[in-house]
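Chemist: Listed below, chain by chain, are the residues.
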Amino acid sequence: MVVLAILLPILFGALLLLGAPRALGVLGALASFLLNLGLFLAHRGSETFAVQLPLVPQAGVYWAFALDGLSALFFLTVGLTVLLGALVARAEGRFLGLALFMEGLLLGLFAARDLLVFYLFFEAALIPALLMLLFYGGEGRLRAIYTFLLFTLAGSLPMLAAILAVKALGGSPTFLLEDLLAHPVRGEAAFWVFLGFALAFAIKTPLFPVHAWLPLFHRENHPAGLADAMGTLYKVGVFAFFRYAIPLAPEGFAELQGLLLFLAALSAIYGAWVAFSAPDFKTLLAYAGVSHMGVAALGVFSGTPEGALGGLYLLAASGVYTGGLFLLAGRLYERLQTLEIGRYRGLSHSAPGLAALALFLFLAMVGLPGLAGFPGELLTLLGAYKASPWLAGFAFLSVIASAAYALTAFQKTFWEEEGRKVADLRGEEWPFAALAVLALVALGVFPGFFLHGLEPLAEAFARILGGGA
Amino acid sequence: MTLLVLAAVSVVLTLLGFFVSVPAFKRLTILGLSLGLLALFATWGRPEAFGPYQVDGVSRVFTLLALLGALWTVGLVRTRRFEFYLLVLYAATGMHLLASTKHLVLMLVALEALSLPLYALATWRRGAGLEAALKYFLLGALAAAFFLYGTALFYGATGSLLAGTPGEGPLYALAVGLLLVGLGFKVALAPFHFWTPDVYQGSPTPVVLFMATGVKAAAFAALLRVVAPASLEALPLLIALSVLLGNLAALSQKEAKRLLAYSSIAHAGYMALALYTGNAQALGFYLLTYVLATGLAFAVLSEVSPDQVPLESLKGLFHKDPLLGLGLFVAALSLLGLPPLAGFWGKYLVFTEAARAGQWGLLVLALLTSAVSAYYYLGLALAVFQKGEAMAAPRPLARSVAFLVALFLLLLGLFPGSLLPALAAG
Amino acid sequence: MALLTTILLPLLGFALLGLFGKRMREPLPGVIASALVLASFLLGVDLLLGGGARFEAEWLPGIPFSLLLDHLSGFMLLIVTGVGFLIHVYAIGYMAGDPGYSRFFAYFNLFIAMMLTLVLADSYPVMFIGWEGVGLASFLLIGFWYQNAQYADSARKAFIVNRIGDLGFLLGMAILWALYGTLSISELKEALEGPLKNPSLLALAGLFLFLGAVGKSAQVPLMVWLPDAMAGPTPVSALIHAATMVTAGVYLIARSSFLYGALPEVSYTIAVVGLLTAFYGALSAFGQTDIKKIVAYSTISQLGYMFLAAGVGAYWVALFHVFTHAFFKALLFLASGSVIHALGGEQDVRKMGGLWKHLPQTRWHGLIGALALGGLPLLSGFWSKDAILTATLTYPFGGAGFYVGALLVAVLTAMYAMRWFVLVFLGEERGHHHPHEAPPVMLWPNHLLALGSVLAGYLALPHPLPNLLEPFLKPALAEVEAHHLSLGAEWGLIALSALVALLGLWLGYTFFQRQAFPAWYLAFERASRESFYVDQAYNALLVNPLKALAEALLQGDLGLLRGYFGLGGAVRGLGQSVARLQAGYLRVYALLFVLGVLVLLGVMRW
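Residue numbers (my numbering), protein chains in the order written: chain A, 2 to 470; chain B, 61 to 486; chain C, 23 to 628.
No wet-lab data here; the hints were simulated from the structure.
Predicted model, so just to flag it, every value in this text is computed and none were measured.
Ideal Cβ placement from N, Cα and C applies to all residues, glycine included.
You may find that some hints are simply not true.
Unchecked claim - Over the 10 Å line for every Cβ pair with chain A, so calculated as not near, a few chain C residues: (1) Arg47; (2) Phe161; (3) Asn170.
Claimed, not checked - Taking lysine-lysine and the BS3-like style, the derived pairs with C-alpha atoms no more than 27 Å apart in a straight line are: (4) Lys447(B) / Lys314(B); (5) Lys413(A) / Lys569(C); (6) Lys375(B) / Lys314(B); (7) Lys211(C) / Lys569(C); (8) Lys569(C) / Lys387(A); (9) Lys380(B) / Lys447(B); (10) Lys413(A) / Lys219(C); (11) Lys380(B) / Lys314(B); (12) Lys569(C) / Lys219(C); (13) Lys211(C) / Lys387(A); (14) Lys447(B) / Lys375(B); (15) Lys44(C) / Lys422(A).
As the list claims (entries may be wrong) - Far from chain B, some chain A residues (derived; all Cβ distances over 12 Å): (16) Met2; (17) Arg23; (18) Thr49; (19) Ala51; (20) Val57; (21) Gly61; (22) Trp64; (23) Glu124; (24) Gly156; (25) Ala166; (26) Asp281; (27) Tyr334; (28) Arg336; (29) Arg421; (30) Asp425; (31) Arg427.
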């Protein structure tokens, strides 16, 4: 089933790339979401739907996938975000095809139970992201492509060395996660191995100061926001820290924990602060993303079960609301031909529905209780405080800063004197809005339901680090 | 068996050359090379020996690669003179021989047998090509001299002319070092790579394809036999220099063939990582992906122009001819080693060998430089998508081959495990 | 479940009106909203009579969604829904004809739902849902007339300043979680019964939670948002920014009395902050010219009183004042609203005056409100204020200094209350309006509130007269031992405060009817009008530097990217120089070749 879930969007993506009509893509996104939803409901907390086929058995590499609480959650949010994108992004069929392609690769990334297979998907997902930027990006896209690719590879290629080292030095017979976990790397080597992972995942989190690629990436992507939403989903650093880097080299993590906590806290406050003066929506969302991922990373780096839960939940939820906001920015662009904040004001007068949706998404982003962002933030704080009270306090100054940038952007766009009449929600924007609001409320009100399958994983994670219950 | 076929075909065609038309001759050459391949497959997995001529797994795999390169070259070239095909045939025969012996003297003979036709091929176009070929020839002579001297010292140190004979002491080390110089020149390891950019740029593209694929394959087979058993301290230096110089110098290149020349230097460095453990399977796989990818790149370039190909002139290729454009795109990404393309597995396998040998410093350097290489490979890959007026008059066959090879690179990347046992069986 | 329904009813109203309100005709949305709040009120009464209720559902790992209706939360529930209902009804008239009519009631219902969540929560994170929820509702309602950029700014300011307090709330929760592994209020209460685990850290937690209260209840130094919050429609000011939401901070302290009762130093801090705020609010009220802002500053000042009471340990007294204050302050605001309504939107008291003869009903509302605020003996404000004054002497964390300070504030309060009344209703007419009395739908709530302003104080009369409130609330609050004053001392103090109140009222009544004021007063008034330049100082010292830094950081971040480009350029440059070795000269190649061989041989271990 998992393999089917991975292949389904890839199949639809391929059809669209070959010229199938856009409607088929929407259908594909819907089918994929429903399948993922079914998988989420079907999994029972433990690992299910495990698959293991030889890839390079000589080298101990297997096509190994399984669904556990963590991957099931991401299946759900990825499927949802892609569906949201498919619904509203005014993208031609091939564009949507690339997005679906990327969805499949991301699902593979989340479901992988083999380190090398994870790496394969981690790298392969670059290609559709690059192509979306290349074919549909803005004027300065070449520079953005180079930056994006070089940053990613500068991290992921050293990571390959770490991957090889994990197996070679830990003495595991295969790259299967269970085998690797049974043979963690010890001693001085653990430090280097972890460093290799950490660089790659820090870039993909992204943490300050290796976040510099992100604003450029978003600025140059197509204004419809589909590619940005996919890019948001692609920020899997926090997930990867939790699932791979830290458990595989816990001793290395222990040595770097202080630094990482500091960088995460710095990213959290720095991103939110910079976002305040962002001139356009995409820049704003890019820096807001840096801030959120900083908070999420802080949770995982805390090494506590609640922190890890919070960080991962924040990561999953941020895919939905940040992705949704990028898509919403796309809707604004279609109406105004600009993403500049404050260029036109008072849109609430003519488009109250749009304004309400924007407010919903913004509030979810700033962590308003009852919406998707809050459970993750709260748990992160509770965990992070245990690990480092000072840094937790420092990082959570972003609570104030995020309110500042989000409400300022909202006010300058939707409030004040009417600057221009625009159309309110229409056509396919209605299901988009309904689905987004429903999802954000569900994620905010029933976090326990979504986190249920994750708790044992978080406990195990904390146990590896010598803490937890 | 294979040697017999190749030699026989060469002789027969030499005679026939004066009687049949050039297109027919081309077909005959392809037939001959295919016969060679057939002979290779017919005996796959069964070692055979005839004195110092020994066909084993290494020999078969690397000969296969060399013959593939030769076939491709022949298929691509557009020439009205039958000598071109003959020279390729001779060189292919030499390559097979080089890949199939442990005897150092025979190796030297084979080396010359493959080099001399190549010198001639490099001069195929007059002008700049001639100058480059001359450099190639003179430096090659120098390298051959070192190889010869190394052979003599090897005999002095071990009392044997068979590569892989264990030995020790300064004399032995010196001998192996000099042999490494001779072969390192052929595969373009730094600092013996100086001929490469000039020759790649100056020679006709099909010839370059042949140099980049066939010669590398054959010479690496020899390196496997000569250097791998000796565990040389100088090897890390050569590898480090190759990956650094190759990748860094490629960054500022504006001409595709010269760029690929530097890339081939870097790849030689990566391949040499496998020499630590002498894992023919890993090296063979790497070479296979390299031959396919770089061959594909040169094949596309030769459809654009048999001459120099500035990156500028590639712009718009995708819009002009999507298949060729995609082909170059896939080739570049595979050379870069981006999953899910086959190039990734090649890199992965040789890096694993380096890891097994504990060469972590070298490994990290190799990986960092391949991150650097992303810059110029991307330049190559993205040029085809940009707006521009690329000229291309591709032949249908070239397009379908390009498509098939690109597809194969992708499939091989998805199912690398399916081919590895065959390589191991040899 | 029934308990949850009290919250769900107004929430349903929010959803219903938010989605379909536009299609309803006036006054249907207002009626629906009011009815739902009334239903909530009745349900609450029913549950309270039934002895309280509990509700628990799964929410976050280790943190259930738990609600508790005990006497304390029940008391607040009644204030919120009761006063809330009256103000809803008032708004039916006040908002009539506004294009955002249904939107207003949607927000209003949202506010009630969130406030009930806050009040009923039995765990801090659940309380935090309501805490931020009421902040959101407040934001939406302050910015209700969002086309006015200044109003929109005020809304944003309120939310952001509140968020500073919210951060404190969050950090307080983090500490409690780290110490006790639970955030359930009931469980924490039990856990804190024994000796304290880590008193200094616990004190920090208490301070952080108090920071949250400071933000929500507009205490010094986070009081700057409340006066601006008057940008919202007047019913909003009455309900949210006077009667209910801003008292949430006091409720938080009372709810956490088990914590603060064990932390004398923190309690002392609370009392000091409360007294400071009481002074600040009272002094700032003198210079205001906006009819609502005078009342707003009086709210700040009265909230200070409540914190003073909570700080000295008299939690029930603080709640008593919350109760009486809800009536007379709501009344004052709604009377102001009626005045504004009567004058067609005029809010400047300098253009009012002489309305006594035009507004035959509202004038009594205004008078009762002002007198109750000023502490006229026998009105509700008198009893609760007096209880606070006494508490500063009888409760363990109090002291004579607090008493004197509070007494001074009482004089000031009486004076500015009369200033408000005099400027609005007495003297000559200074504007050119044609005042008309409000419609019955706006008057009736005020009648009831006026009644409450008179009678609410009789719920808790000083010893030995009956005191119903204290024993009612006692079980839900921490036990703080107060020593009793002798009967004579107690009634002597009552007489003193009555005298002081009368003196203040008389002073205010006469002083503000003068035509000319002494120079010292004018100087004071100027400073007071600017609220003693706190806003300006914050802008200059905090807000503007932070904004400028944000701009600088954005530029810096672009610089960072350029730095990476530079790094890339350097590598490329290196490549160029390497490529330059490839000069094309054979002799160079040969030389390098041989050199290479030598180096290669040189690095070997011989």
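Chemist: Compare the structure with the hints numbered earlier in the document and write down the numbers of the violated ones, lowest to highest.
Modeler: Checked against the structure, the hints that fail are numbers 2, 3, 7, 8, 10, 12, 20, 21, 22, 23, 24 and 25, while the rest are satisfied.
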